[in-house]
Amino acid sequence: MAKRPPRVIVTKIGFDGHDRGSRVIAACLRDAGMEVIYTPPWQEIPTVVKLAMEEDADVIGISSLATDHLIVPKLLASLREAGLNDVQVIVGGIVPAKDEAMLLQAGVAQVFHPGTSLDDVVTSVHALSDKRRSLQGASA
Amino acid sequence: MSTPPIVNGHAQWEAEFAQGVKGDTSIRNRSGIGIKPLYTPLDHGGASYEEALAYPGQYPYTRGIYATMYRGRSWSQRQLIGLGVPEDYNSRVKEMLDLGASALSLIPCNSVFRGYDADTVPSELLGTCGTVINHVQDMQVALDGVPIDKLSTAMNDPSPFTLLAFELAVAKRRGVPWTKITGTSNQSDCISHFVANHMFFRLALQGARRVIVDHIRFCNQQVPGWNPLSIVGQHMQQAGATPAEAMAFTLCSGIQYAEDCIAAGMDPDQFLPRFTFFFDISVSFFEEVAKFRAGRRIWARLCRERFGAKDPRSWRFKFHGQTSGVDLTRQQPLNNIARVTTQAMAGIFGGLQSLHTDGYDEALSTPTTEAARIAVATQNILREEAHLTDVIDPLGGSYYVESLTNDMEAKINAIIDLIDQAGGMYQAVEKGIVQRMIGESALAFQKQVDAGEQTIVGVNAYQIEEDPATYSSLEYPDAPRMQSYLGRLADFKKSRSNAEVDKAISALAKSANTPKSNVFEHVVAAAEVGATHGEICGTLRTELGFGNPLTVV
Numbered sequence: 001m002a003k004r005p006p007r008v009i010v011t012k013i014g015f016d017g018h019d020r021g022s023r024v025i026a027a028c029l030r031d032a033g034m035e036v037i038y039t040p041p042w043q044e045i046p047t048v049v050k051l052a053m054e055e056d057a058d059v060i061g062i063s064s065l066a067t068d069h070l071i072v073p074k075l076l077a078s079l080r081e082a083g084l085n086d087v088q089v090i091v092g093g094i095v096p097a098k099d100e101a102m103l104l105q106a107g108v109a110q111v112f113h114p115g116t117s118l119d120d121v122v123t124s125v126h127a128l129s130d131k132r133r134s135l136q137g138a139s140a
Numbered sequence: 001m002s003t004p005p006i007v008n009g010h011a012q013w014e015a016e017f018a019q020g021v022k023g024d025t026s027i028r029n030r031s032g033i034g035i036k037p038l039y040t041p042l043d044h045g046g047a048s049y050e051e052a053l054a055y056p057g058q059y060p061y062t063r064g065i066y067a068t069m070y071r072g073r074s075w076s077q078r079q080l081i082g083l084g085v086p087e088d089y090n091s092r093v094k095e096m097l098d099l100g101a102s103a104l105s106l107i108p109c110n111s112v113f114r115g116y117d118a119d120t121v122p123s124e125l126l127g128t129c130g131t132v133i134n135h136v137q138d139m140q141v142a143l144d145g146v147p148i149d150k151l152s153t154a155m156n157d158p159s160p161f162t163l164l165a166f167e168l169a170v171a172k173r174r175g176v177p178w179t180k181i182t183g184t185s186n187q188s189d190c191i192s193h194f195v196a197n198h199m200f201f202r203l204a205l206q207g208a209r210r211v212i213v214d215h216i217r218f219c220n221q222q223v224p225g226w227n228p229l230s231i232v233g234q235h236m237q238q239a240g241a242t243p244a245e246a247m248a249f250t251l252c253s254g255i256q257y258a259e260d261c262i263a264a265g266m267d268p269d270q271f272l273p274r275f276t277f278f279f280d281i282s283v284s285f286f287e288e289v290a291k292f293r294a295g296r297r298i299w300a301r302l303c304r305e306r307f308g309a310k311d312p313r314s315w316r317f318k319f320h321g322q323t324s325g326v327d328l329t330r331q332q333p334l335n336n337i338a339r340v341t342t343q344a345m346a347g348i349f350g351g352l353q354s355l356h357t358d359g360y361d362e363a364l365s366t367p368t369t370e371a372a373r374i375a376v377a378t379q380n381i382l383r384e385e386a387h388l389t390d391v392i393d394p395l396g397g398s399y400y401v402e403s404l405t406n407d408m409e410a411k412i413n414a415i416i417d418l419i420d421q422a423g424g425m426y427q428a429v430e431k432g433i434v435q436r437m438i439g440e441s442a443l444a445f446q447k448q449v450d451a452g453e454q455t456i457v458g459v460n461a462y463q464i465e466e467d468p469a470t471y472s473s474l475e476y477p478d479a480p481r482m483q484s485y486l487g488r489l490a491d492f493k494k495s496r497s498n499a500e501v502d503k504a505i506s507a508l509a510k511s512a513n514t515p516k517s518n519v520f521e522h523v524v525a526a527a528e529v530g531a532t533h534g535e536i537c538g539t540l541r542t543e544l545g546f547g548n549p550l551t552v553v
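Quick note, the sequences are listed as chains A and B, same order. Numbered according to the working numbering, the first sequence spans residues 1 to 140. Numbered according to the working numbering, the second sequence spans residues 1 to 553.
Honestly, the hints are just simulated from the structure, not real lab data. Note that beta-carbon positions come from the ideal geometry of N, C-alpha and C, so glycine has one too. You may find that some hints are simply not true.
[To be verified] A partial selection of chain B residues facing chain A, derived with a Cβ cut-off under 10 Å:
1. 128
2. 196
3. 235
4. 339
5. 365
6. 417
7. 446
8. 550
Bound-form chain A, shown alone:
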């Protein structure tokens, strides 16, 4: 059986509405053959967790331009509470270096900065999706 394409949620949490990044990334992952679940900005954390569960997401991409990445650790905690420890969370956008360290520490798989090529994003998301599936296999 052919490998199922990665399932990726592309979303924004918090207050910011600048969504050029999330829309470009959603379109790029879609064009690369992935199954993309796109949402408009301002999703509540419980909504994203529920969506991850319902959609069996491998990867959650959080786009952040205006400091919304500061509440990503809360999202990670909620995912763990829901038993979704294996879902890979990535953050893309304006993330100062000191915050990147904090996010990685909190369990974010990767942080993407401005200037990253779409090809690099696709490659990383494939790798993270594979990682999630192997973690899933291991725990099953």
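Mind docking chain B on chain A? Use the hints.
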């Protein structure tokens, strides 16, 4: 009849050029207009000088909206500022004024943009991107010692315009008549929020449509020095629209607002002089200059011919420009100073009325104080050292710039026709037509960058090894300071007369359901008695609908 020398000479040049430059020489600008290697008098559009350009301050204002332009008065240096609590804002304002900023701006916290009070949101995010301002007392602190009767204040204040309401309430307390208050309701353009940069979108589109007309009417009558409407192209261009698309969509929104005001019985010569615009300035230098010159000409013609305005003040296309953040890179961030300089020059040669230059570190974090200082200095250098302002419209008459202005105008007009055919801007955005076009342009641009067709220095060319941690980033407001703010907010809610607030909020709700009533008048009345931002927005969201934008991938 013999061929004129200019034509012969051109043929000879063409042949020599083709000898020297082999292969595909086609170049297109961001708006998709083909750019030739040379422009000459042969590219002249055929219109007379008076018809196409005229003199500065004369219809159709291609060369500038005032006879004096920067010889009379510099553009306003209007840097966006806002961080932390009202006290933090107040001290930063005083610093910026000392540095030469000649007008104020206020960016509230993202929680404010979303229509919420600070005590109802995750506290980690408070004050990280703007100042927390929730009620009249906060505004009083923010504007302490600021002469609001003399300095113009521009506030990022979307519908229902609570920040202006708080400022008017402060003016009343200080005994400053509203007729002395000047400034602009930035982010008052609900269409641009529905389409792009959704963070300012609070009320459902048709509810916001009603409130903006009430707001324009109220300001025209009671705060005549205030610009109640700033029509925004910046969001759409930042979201990916090409410069021509951004200009066209913005003019279409302008058409829609003007036609709504006319339908509400207002006189174009009363409201049009107070319409303003806000645009992005990308690093595509000549394209931006042409975009502004073309936009000015199209707007003048629309106002005179389509809306029937008779007063020349109604025909003037006043705009604020902000250098484009999307062009800035995280890689080699000091290079951004060169980009911002180029963008600012395009805006100045484009004839803007006020300018915000970005900090070089915007792709790293919210700008630091040092980066903000350099951004202001850049403007001072361009004006006072480089003498860019000695001559009005110095690029006017350039064969290239005039030809490109004509080409941009044609491109913009074609998009305006398309939106007119869709039934106007409200219909076009409710069908997602505009969002789809912007999304396609954004993706196309990113693909050009990834393919190396569009060079971005430090990103896809001329890369170097570097450590981003070398650059400091702005500190977030400290938690105890924000906690103490929350304590003061609770105290404020206890100290005010809740009976009066309840009465004002009920009147506001009733007004929202009474078409003849002016909603904004009731927003101001509620602000005066101490209703908070969240209470006012919440009431109108209940009555007029919650704002959910239409995003399209």
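Could you tell me which of the hints above the structure violates, numbers in ascending order?
-> Those not satisfied are hints 4 and 6.
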